[in-house]
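Assemble the complex: chain A is given as a structure, and chains B and C must be docked to it using the hints.
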Amino acid sequence: MATAADAPFLDLRDLCVRYGTADSAPVVRIDELTLSRGEFLGLAGESGAGKTTAGLTVLGLTRHTGARVTGSIRLAGEELVPAPEKRLRRLRGSVMALVPQNPAAAFSPVLPVGATVLRALRLHGCTRAEARRRAATGLERVGLPVGHLSRLPHQLSGGQLQRVAIALASALRTRLLVADEPTSALDVTVQAEICALLAELRDAHGTAVLFISHDLALLAGLCDRIAVMHQGRVREDRPAADLVAAPRADCTRRLLAAAPRPGAAAAPGPGAAVAPGPGDIAEPGPGGGRGEEAAGA
Amino acid sequence: MTASPSLPLLLRVRRAPGALRGRWTLVLTAGGLVLVAALALLAPVLAPYPPLATDLARTLRPPSSAHWFGTDELGRDVLSRVLYGARTGPVVAVTVVGVSLLVGTATGLAAGYCGGWTDEALMRLTDVFLAVPALLLALALTTVLAPGPAGLTVALVVTWWPWYARLVRGEAASVTGRAYIEACRTLGLGHRRILLRHVLPNASTPLLVQASTDVGGVLLVASGLSFLGLGPQPPAPDWGLMVEESQNYFTTHWWLGTFPGLAIMVVAALCFLLGDALRDRLDPRHTPRI
Amino acid sequence: MRAGNGRGMPVVSYVARRTGLSALVALGVVVLTYLIARVVPGDPAGVWAGPRASAAQRARVRAELGLDRPVHEQIVSYVAGVWRGDWGVSVHTHRPVRSDLFGLLPATLQLVLAGLALGLAVGVPAGLVAARWHGRWPDALVRTGALLSASMPVFWLALLLQTVFASRLGLLPIAGGYDRTVLAAHPVTGVTGLPLLDAVLTGNRAAAASYARHLVLPALVVATYPAAVAARLVRAGVLDALGEGHIQMARSLGFPERAVLGRFALRLVWNPVLQLGALVFGYSLVNTFLVEAVFDCPGLGLYAVDSVRSLDAPAVVGVTLLVALVYLAANLAVDLAQAVLDPRIRLG
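Protein chains in written order, with UniProt numbering: chain A, 1 to 297; chain B, 1 to 290; chain C, 1 to 348.
Bound conformation, chain A alone (with noise of 0.2 angstroms):
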């Protein structure tokens, strides 16, 4: 797919990132890593290996963290490294979007999901009859029903909560994705069932996707290429199908390794859209799942 597309829509140069003093070691030190439109890029790594602090950096996050950035990233060709507040403020949540990790903490517990999803909305220029509407139209393409936007976040199961997540992305029409280990605190059926809706995401609208997981096995089967990440640094950035099969970092071969099925022969082409997850479930059809409103009886 695109790999080599001619200006990469999101590319990242000699990028460092740190906490405390201006020479403490770098958390992240990434000199060369691309993205280009449409494409869906795993980013993968042991614990510690940087690469959540890499995409909320992306995302311009770390900042109020108080970590210093240096180097390049653009998006579209532009640079976000030294760039006012304001201008990455404009572009996170209308160009940019995070899927969180643990989608039960990432809604306001006191407000009701749809009153930040709305919000949301509103703070990107929709009225409030077109925000409700695009609200209503991506909730229907997760395969949630609208009236979930009045429930509270502790009335939503885990899965539910991330679908209203990828709706409000998807209503937002952002361009790029950061999924930060979006599926680890959801359980495997529902991990598949959210790689779907990312893809679908990806298909219909060209957003690329930045998917950050420390399971090879399941980005294998997502993504077009994947880049593994050891002690802040990009230890190897390829398709992922050929990444799978005869990896060449060391670090690449632990994962593997730790992997509950090494996915190598499982793994299919790049391009494909949805591979089920290390359980082999069911695929489900796009929105599928409704099902699972039950289980946040």
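Think of the hints as simulated: they come from the structure by calculation, not from any bench. It is possible that some hints are incorrect.
[Said to hold, decoys possible] Covered stretches of chain C (in silico footprint by chain B; criterion: 3 or more residues with CB under 8 angstroms from a CB of chain B, positions within the stretch not fixed): (1) 140–154; (2) 180–187; (3) 315–321.
[To be verified] Partial selection, computed: residues in chain C whose CB lies under 7 angstroms from chain A: (4) Trp-83; (5) Gly-245; (6) His-246; (7) Met-249; (8) Arg-251; (9) Ser-252; (10) Leu-253; (11) Gly-254; (12) Pro-256; (13) Arg-267.
[Unchecked claim] Ranges between beta-carbon positions, derived for each pair: (14) Thr-21/A / Tyr-249/B: 52 to 60 angstroms; (15) Ala-16/C / Ala-106/B: 29 to 37 angstroms; (16) Glu-79/A / Val-164/C: 49 to 57 angstroms.
No residue lacks a Cβ here, since even glycine has one placed at the ideal position from N, Cα and C.
For chains B and C alone, kept in the frame of chain A given last:
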């Protein structure tokens, strides 16, 4: 909620600091309080004049090199009186907190460890005491007790112990059910040993933090009662009383009331700061924020 | 469905249980204060009858006041009396305690509520500012201000403000609750009982202005403590909330920092603020006693102090009971408000 929050003066905030923080705050505030204690102890040596010595030739003099804080309407040296004042208010506050700690801890341990009916009865009793704001209950109590530092102390102990009882009870109840306490019981350790060696240490950090904050809180309430004339009686050099006596002169002779009031404020602030600093240093559950 | 009060009990029984508990505590307060007041070493009958009364007169007064009966009988009859609306007769004003108290309560309540409102209006934004610029100078400023406000003796602050704004600058009245001449010309008719509110509601501008001018300084003094507490709580609560997932999510959606703090983080802080609200209310209620003493505003505080000085047992018990009732009611209101405001709270 079952419990009103367990702190009287409720400077209970889970995390505090930012700028002033860590060991230095602790050292500086503790140092400040030691200094106050030293001033109180050494008042007879340090005070330039006897606190009760009147001098009708030099009444209401503004601060000068002879009288740093000026003189009052009877010609007494305000600085000397403020120094001697450190021997009543703060001493009352420390005594009140100390005695309340003992009474409250005993009650709280009994309630939390025994549980059941004892617990219920003791906690309802604290509810009753806590339903009357401290200053008012102490005010009512001073009708019974002769006005003076001793009466003030007793009245404040009666109003303060329930806070500690609740705090200790909560901590005790939370560990009593745990495996290691059960293990102690099965090993045949005596109740007293279990309570003192295994249950109480768990409560000591929150107690210490609370106690140091409360010294400031009690000082404020005690000064308020003195101000109302229910504490030490004239001509005693008490900070609250001095502010009360300065009332008629405040507009024209600011130094009479300003200095004793400042003294109360400084000591109370030091106690509050010490409580904050202790919590940040000692309470492993609440690591300070960077 | 996980929604609703699955685990808790229905709201009605929760309210009933909480109210019942509060009533029990109130009963305990009556017994406690009565016991305290009964051990008074002085002779209330002597105070009542006056210094020149004969022994026979005193004995008659003792019998009249029921002071010759055993303590437990006195308590029972006192509680029964309170239940019927008879709070006894004040020894020093010679009027029924209940009418004395309820006549003075509005003025005190007005002062506390004004102080609390002012305190929250200053403290909450201050806490937000401190959290927003955490670790920088606005934070240090707010924290220092909060520390000093909490450590300042209220009576001293009252004197300072009185001296500066009333005596020196002459901007505001020195003492009292209102201007007699203004009120004589523009009498206020009661609607709510709170004088200032009544004056405003009935469109009585002159009286409202008089009340307001007299309220400014006392309310400012009462407000310092709630402001300090609110600032500290909001700051700590917001800083705690900033670590939560939904704050990161809100940022990732492009919400400006002001909305992140003000809308998302602050929502989580209301609960602790409310929880301490009742406690701060109780503390402020008795702070008004000191403030009333300085500004010479008629209110519960002056009455309580006079009662204590004249060993007036019925009045002291009455004030204590009334304040305890108001405080318990505030506690109850806070609990219920919390249950309503925070949908996560499971009742019970």
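Verification of the supplied hints:
| no. | hint | in the structure |
| --- | --- | --- |
| 1 | 140–154 | holds (count 9) |
| 2 | 180–187 | violated (count 0) |
| 3 | 315–321 | holds (count 4) |
| 4 | Trp-83 | violated, 41 angstroms |
| 5 | Gly-245 | holds, 3 angstroms |
| 6 | His-246 | holds, 5 angstroms |
| 7 | Met-249 | holds, 4 angstroms |
| 8 | Arg-251 | holds, 6 angstroms |
| 9 | Ser-252 | holds, 4 angstroms |
| 10 | Leu-253 | holds, 4 angstroms |
| 11 | Gly-254 | holds, 3 angstroms |
| 12 | Pro-256 | holds, 6 angstroms |
| 13 | Arg-267 | holds, 5 angstroms |
| 14 | Thr-21/A / Tyr-249/B: 52 to 60 angstroms | holds, 57 angstroms |
| 15 | Ala-16/C / Ala-106/B: 29 to 37 angstroms | holds, 34 angstroms |
| 16 | Glu-79/A / Val-164/C: 49 to 57 angstroms | holds, 55 angstroms |
Checked against the numbered hints given earlier, this structure breaks hints 2, 4; the rest are met.
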